[in-house]
Amino acid sequence: MSRGLHDPSFERDACGVGFVADIKGNRTRSIVDDGLELLRRLSHRAACGADPDTGDGAGILIQLPERFLRAEAAKAGLDLPVGRRFAVAQVFLPVDPVQRAACEQTLVEVVVEEGQRVIGWRDVPTDPAHVGSVAKQVMPVFRQLFIGMRRVPPSAWERTLFVIRKLAENRVADRGADPDRYFHVASLSTETIVYKGLLLPRQLPAFFVDLEAPEIASAIALVHSRFSTNTFPTWDLAQPFRYIAHNGEINTLRGNTNWMQARRSQLKSAKFHGGLERLFPIIVPGKSDSAQFDNMVELLTLGGRALPHAMMMMIPEAEMPGMDEDRKAFYRYASSLVEPWDGPATIAFSDGQIVGATLDRNGLRPARWTITTDNRVILASETGVIDVPPERVHSKGRLQPGMMFLVDTSEGRIVDDAELKREVAGRFPYRKWLDKNVFEMHELPEVSPPERIAGESLFRLARAHGYTDEDVELILEPMAATGKEPVGSMGTDTPLAVLSDRAPSLGSYFHQLFAQVTNPAIDPIREALVMSLETTMGPDGNTFDETPEQCHQLNLRGPVIDNADLARIKHAHEGVFEPVTLSMVYPVAAGDDGLASAIARLRRAAELAIDEGHNLLILSDRGVDAAHVAIPAILALSAVQQHLVREGTRMQAGLVVETADCREVHDVALLIGFGAAAVNPYLALDLVCELVTQGRVPGPPEAAIARYLHALDDGLLKVMSKMGISTVQSYRGAQLFEAVGLDGGMVERHFTNTPSRIGGLGLAELGREALARHERGYGRSAAAIADELPVGGLYQWRRRGEPHKWNPATVATLQAAVRLADRERFAEFERLCDEEDESAVTLRGLLELVPAGAPISIDEVEPVSSIVKRFVTGAMSFGSISAEAHETLAIAMNRLGARSNSGEGGEEPHRFELDDNGDSRRSAIKQIASGRFGVTTHYLVNADDLQIKVAQGAKPGEGGQLPGNKVDERIARVRCSTPGVTLISPPPHHDIYSIEDLAQLIYDLTAVNPKARVSVKLVSEAGVGTIAAGVAKARAGAVVIAGYEGGTGAAPLSSIKRAGLPWELGLAETQQVLVANRLRDRVRVQVDGGLRTSRDVIVAALLGAEEYGVATAALIATGCIMLRKCHLNTCSVGIATQDPRLRENFVGTPEDVVHLFTFMAEQVRQRLAALGVRSLDELIGRAELLQVRATDHWKLRTLDLSALLASAPGRFVAAVPHDLGDHVDHDLIRRAEPALSGGKSVELALPIDNSRRAVGTLLSGEIARRHGAKGLPDGSINVRLSGSAGQSFGAFLAPGVSLELCGDANDYVGKGMSGGRIVVYPPATARFAPEANVIIGNVVLYGATAGELYASGLAGERFAVRNSGARAVVEGVGDHGCEYMTGGVVVILGPVGRNFAAGMSGGTAYVYDPQHALRSRTNLEMVELESLVDESEMWLVHSMIEAHVRLTSSPLGRRIYDNWEHLIARFVKVMPTDYKRVLQARRAAARRPAGLTLVTGTGG
Amino acid sequence: MGKPTGFIEWRRLLPKKRAVAERTHDWREVEDVHGPLEHDALRHQAGRCMGCGIPFCMQGCPLGNPIPDFADLVWKDRWFDAHKRLAATNDFPEFTGRLCPAPCEGSCVLGIDGAPVTIEAIEKQIAEHAFAEGWITAHPPRTRTGKRIAIVGSGPAGLAAANQLNRAGHSVIVYEAAAKIGGLLRYGIPDFKIEKYVVDRRLAILEAEGIEFRTRIAVGRDPTWSVLRAEHDAVVIAIGATRPRDLAVPGRELPGVLIAMDYLCDQNDSGARHSVAGKRVIILGGGDTGSDCLGTAHRQGAAHVTQIELLPAPPDRRTSSNPWPAWPLIFRTSSSQEEGGERTFAFRTTRLEGTDKLETLVGVDIDRHEEIRLPVDTLILALGFTGPDTSTLVDQLGVALDARGNIAVDARFATTIPGVHAAGDAHRGASLIVWAIAEGRELARHVDAALRAGPSVIPTVGQDQPFR
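One line per chain: the protein sequences are A and B, in this order. Residue numbers for the first sequence follow our numbering, so the first one is 439 and each next one is one higher. Residue numbers for the second sequence follow our numbering, so the first one is 7 and each next one is one higher.
Some clues are possibly wrong.
Unchecked claim - If you anchor each label on the Cβ, the simulated ranges turn out as follows:
id : chain 1 : residue 1 : chain 2 : residue 2 : range
1  : A       : 1133      : B       : 25        : 54 to 60 Å
2  : A       : 1133      : B       : 31        : 40 to 46 Å
3  : A       : 1140      : B       : 418       : 49 to 55 Å
4  : A       : 890       : B       : 139       : 26 to 32 Å
5  : B       : 461       : A       : 1140      : 39 to 45 Å
6  : A       : 1258      : B       : 233       : 23 to 29 Å
7  : A       : 1140      : B       : 148       : 34 to 40 Å
8  : A       : 890       : B       : 418       : 39 to 45 Å
9  : B       : 418       : A       : 1258      : 49 to 55 Å
10 : A       : 1869      : B       : 19        : 37 to 43 Å
11 : A       : 1258      : B       : 251       : 30 to 36 Å
12 : A       : 1258      : B       : 338       : 20 to 26 Å
13 : A       : 890       : B       : 214       : 32 to 38 Å
None of these hints come from the bench; they were simulated from the model. Because the structure is a prediction, the values reported are computed rather than measured. Ideal placement from N, C-alpha and C gives every residue a C-beta, glycine not left out.
Extracted from the complex, chain A is given alone in its bound form (with noise of 0.2 Å):
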């Protein structure tokens, strides 16, 4: 789809994958039939569309099946050589006899060109029976072409049949043979085949006749089943492809590709036949990551490396204190020849004699493994998924970060981790390589940097280059004083850069784009150790040489570099680096279109430079005064990039920027995202010496500067980790970034592949705004301003500043008309807003109504009441904000019938019950946030909308804080945390990694809860609409598309105002994308971000939108004058506080609110009257009633809205009915109904396996009805069960219920577990030691608020993730144990992976460390180590070791409790240092005599 704003490169899938091998290479029909179990054992996390027939794909890879091919040949009349001298394609082909004719023969007569032989076709046998109906409308032909090994070396066959892949490929594509694209060679090997297609896990053996024949035999079966977003059903992009299987997401694809390009003129390999050149493009633009990832590890492995070696370089580990130095070396040195190719991935792999897995650095997927005593090896996304009696597993355990698992059929063994990667590492001396051929700046020699530009003429550049006041205030002056990035509140109201007069940098027309629900973000600050900001510069070598050469590089420990730095760069003739510097100024008497020129100049500059041997390209814009100006940074830079890399050459030099347009993160994040090795603010970093000059920052200026980059640094990797990227290595050209308001072909030119969709400005605009930045500095008026910047108004309204459309007049007049009931100020204040919207502070405000038939009269029109049940508040915390202020939302939406959202805090359980007036303090919409905080059941029950919040407007891709000051008793208990405690949200959902996650809490939230609906928010973003497919095929009710403006959350000013994009794009691609895909009647779209005013509502559903959230006008009518300080707790109107003084003066009724949306509907109604329709209904995605505002505007002239008004008329029409219908726990209830109702204890048993999920969780959400948050007495209901639970075992448990497990779990046990307890425990029967058996997966007791947990054996990552109350014992815990943790108590008595306790601010954890292992392994920032020295502490590590033999018979608990006496003194307590602190203080208050309160936190 080419029309409007969806692009097929924004899709995204993932999926459950995994693979069965017998370790000795044994070829048997059984290996197949498990690999189709297990994968039909993962449907679950496949998905479908519209059409419940049509899966997403699905595939299995096996050994080439010799004698059945051989046969199947024969029937076909054909005579296969004997051994193994013939390969199979596999081909997809087009449906149309002439295009098929075509395609084959082109493929023929490749085969025959490379001097092979032709052999023959076959029909590939299938049954379309087993296929649903849209799959079978773009279902290919499949064919197998037989062909024959001739004058070959074996091991140069398989290259031999890339090569002709490769070409028959291209050749197709250059004759148009195929128009429709259905040609495609899933496999062509003489060892593997693929069979895959758009189909469901149990439709693959029944389509594919082939599998089912008893003669296929294979000793490695490696499946996958997809859950995807894609927009368009294609068969080509199932999976495995012909050497991976990827579950995840590749954050860098863009740099990826780009680098492989760039390096294109590097790239040569003898190996190849006839060049690589016409091999080219390697990587096929427009597929899948996944697909191009397979094609990278192609060109490798052919290119002469083993596939674990192509792995290695590929996805690294990240380098850990303590690691291998060879291996170290060996990371460093691959990382001069290949980007990393970074995101959450397990990727299975085969040539067809080995078979392995791979997991990302931060271990973001799952992969368990089960070796059996016959030899065999299931790995798969889960545990169980191979049905295995205990006394045939040999072992079990999980992929681990950064870790391998290979088996290797020939050699007829599992190769160990260390082993496979100490092989790599040793095949040549990387070590000496790297310190001979590596620098470090200091080895530079030193030389004087230019002199300090100070005084008038330091204000003249900054003011050329479009400085502001704020700039310095706001940005410069807080990082260099602080050392860290600003914070403000209250999100953004500013117009975009395209809609801004004010001459923006170029910077601010990019947006950044981030993670949502397809890949987490990361925790820069708590996991920081797998972020890295080392970069290296200086030519690339040739992929495929591992020559001493090829590193050749500077090494920096961070790409911002001050002015000394770089001028040791530019004089770094030493050795083998040849810097040149080339100018980024052009005359100003060129006029608006000496940029073109400029630019021009500027890229056969960098051309010739190259040609003349230079690798290091110093891009400077010093140089600027009253007769040039420079073009901006940003752009040449990209401009040269660019340019490079379509030239091939990029690869030969690094590129460095000198250039003063650099002051904030962003600007940082652009230069390093668009292709940048280094830059060097040079005139940001004076204005940091003259700030310390003027006394405004402490010296000395080389402090100043050091924290003032320590702050960029920072920003930068938070930049990063909100795409989930976490090096900057693989950061640096990755082009993370959207483009609003610059012209499309500008952009494919100088910015190739950025999304830029609705046009703007060209070079000639650009050139036209850096000359009226120029003339602020070196025009006639400059000179009387002297050492004055203007006065920017960005981050804070000014009256000479941009426009803001809060400013004085509308917040006065809003509150005004609500709180005096006026009707007439309230059309006022909606004139007032108009007026602004259409002088261009918003791109609705470029848009007008077009009537759809003549005005009807009002009284024809829906009521008010059924307008205002559409309207909902954003959602603000209790604990952003006061009591009174929540609950006043409340009642006034309640009151309307509408509906207020709890935020991400928990809410008071005595509002749930009505206020004596009939008034109800309950929010309807209950939001799941990153943090759980207070998600209990009994919560969780009590809710209309479950809202799960993946992003919000104002920081999309952060987590949060609530600090300590504003935390107090009441906020304290409602989110399960202890007051005085600051509160850690998280980045990301730790249990939403990918799509079919989601799907997994959807699925979890309904079974808790299956009368709400769930809701899953988005922030608008290039590529949402593809996010929201998925979300719809997951099962959501509702999608909620929030915008950037709004946002009432604190964060960064740079995360404010440059991530996310206004409402209207994302909304439009979303209806755009879920009309198409048909899933628009399924899912209620809603939206917010800004929103204020009747034509906002009218607009907003006419570009797709049913429901309308509403927070900041709310917060204004109930008071709010737009501080901007919620992070302060200083709100002096009672709003965003908790301080009590403070609080009193809060002045907001629910009258106000309920005047607010009552007027704004009265305004609605009058706006449908006049459009001659009579219900919002009539109006839902019909674009076609908008339509652009003429203007002659120079900026706004250059946009083209018009794919954003493309979309499709289709709104919400019924739900999909949950697939809960099956779940064991409906049998559960109604056994344990004595119980339930009774006061009876039950006892029930039953058997489960993977696929049942959730178990125990519809059970807890009946108790927490009926008996809310107490539930049941403990006891109450036990149940046994046994096998291996899927995931999400015990979810959101309620207190009386014990779920007692022999065998294994999968992730997310005791997952928001609310009480109840959980014993998990291998059968007797089990030959494993269980304490060195991995037991329970990942991400257990996430945000868990009470109960218990025993587990007889390990744990996965992120063990107790943001537990608040549970208790649990286990046996050794993954990376990440007790992350954000703020309660509960864990007991460890075995093994704790990496960065334990993270970002844990309360509770304790209790690890037996004989080894004393641990403090190496403890991210110590928050937690202190001490031994267990206090008596009650004792007994209560002592209790519940007891209760864990007791109710696991483990033996390892059995050793310790044994000998309690002696090993005591080997437990250590690991005790946050802020939860210890207010512990005492308590302590100490209850000493003092009454009437002193307890002092928390620091204040202001």
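Chain A is fixed; fit chain B onto it per the hints.
Below, chain B alone, put in the same frame as chain A:
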């Protein structure tokens, strides 16, 4: 943004005034110019500013003064920067810091609860600090445009326009009918509110920067407006709104009835002609001019002073129909009213009686419908103004007037006659000094733009959207 918790920690504190007993015996300013608030106390007051996301004060101020910015700078003890910020938008902060009724404080967010930041005191202190440190010195423009501009009237509007146009490089001549420059500042406002050295101090700077002042020139007589216009590239009318509103009741002609402005001007000149020493005085009009008369009368030694207001007394707190951030219509007590005298509200004067001079004022208590007779020697009419004196203007130039008799101008402050502009009270009717300065500045920008036939170099005061 001041100190985040400053407004919680520190109460609103105003500069101390001198004791009534002391100050009514001299003509010096009511506030002690040289130390209104202790250094830290003032800093704390500035620290109370919250640096609002929307500084309503800035909109409340006709000049659009960057109040949060300079308050923050004072809090941080960066006085020079504070001075620069303030001077960038306000030509005469030492005037407004004394005389402005501070609408900014009415719209200060802390004013919602009744204790706004003491913006005016901070402003005044910044200005005085700057003078004391010698930061305010003459900076004549480096180049001249060669354009000549006549400014008629030397009140705050004329002076602001003159200052801006002169800085922009034009040659500015200010014509004043009176003997001295300053207009209302010098003649209309008593010393106890602004001592005249404050005006002279500023005039010296303006003069040193190259503005030419011509006094005792009655434009309209000699030269005529037409001549003036012919001799200059632009003419700016800033003649104020001097026509007093009169009292149309029987007995008005009796000796002993004075017009307020005559009374105040006399005191500013010599005080000889209209002294009310020992007399019973009634002032009609409860506004600022009335208060100025009241303070003057006390200082002249009046036996008894009564101030009468036609309207009823306003409420002590905002009513719901007068919500923040609109100007608070509440009961106020001026410094002169603190000094004594009676205040009567809701009283309409019906006639004046006396044989050969004024003896009794007769009026009606509007609430009680009851006639009241008050003995009086001197009656001062402080009933406001009806507009500018435009007789010669209309005759000689044909300048159009608006419905209220003020000079009609367009959005660029241009009158109907090309090259002739008007600002301040002459165009908007009697108003605040801060409005006069604001209009003078904005007018200057448009005149400058017109003379350059291009964008002006003079900064704008920004768009004003008054609170309703």
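To see whether the hints hold, each was checked on the structure:
no.	hint	result
1	1133/A with 25/B: 54 to 60 Å	violated, 40 Å
2	1133/A with 31/B: 40 to 46 Å	holds, 45 Å
3	1140/A with 418/B: 49 to 55 Å	holds, 52 Å
4	890/A with 139/B: 26 to 32 Å	holds, 28 Å
5	461/B with 1140/A: 39 to 45 Å	holds, 42 Å
6	1258/A with 233/B: 23 to 29 Å	violated, 55 Å
7	1140/A with 148/B: 34 to 40 Å	holds, 37 Å
8	890/A with 418/B: 39 to 45 Å	holds, 44 Å
9	418/B with 1258/A: 49 to 55 Å	violated, 36 Å
10	1869/A with 19/B: 37 to 43 Å	violated, 56 Å
11	1258/A with 251/B: 30 to 36 Å	holds, 33 Å
12	1258/A with 338/B: 20 to 26 Å	holds, 24 Å
13	890/A with 214/B: 32 to 38 Å	holds, 35 Å
Consistency note: the structure conflicts with the earlier hints numbered 1, 6, 9 and 10.
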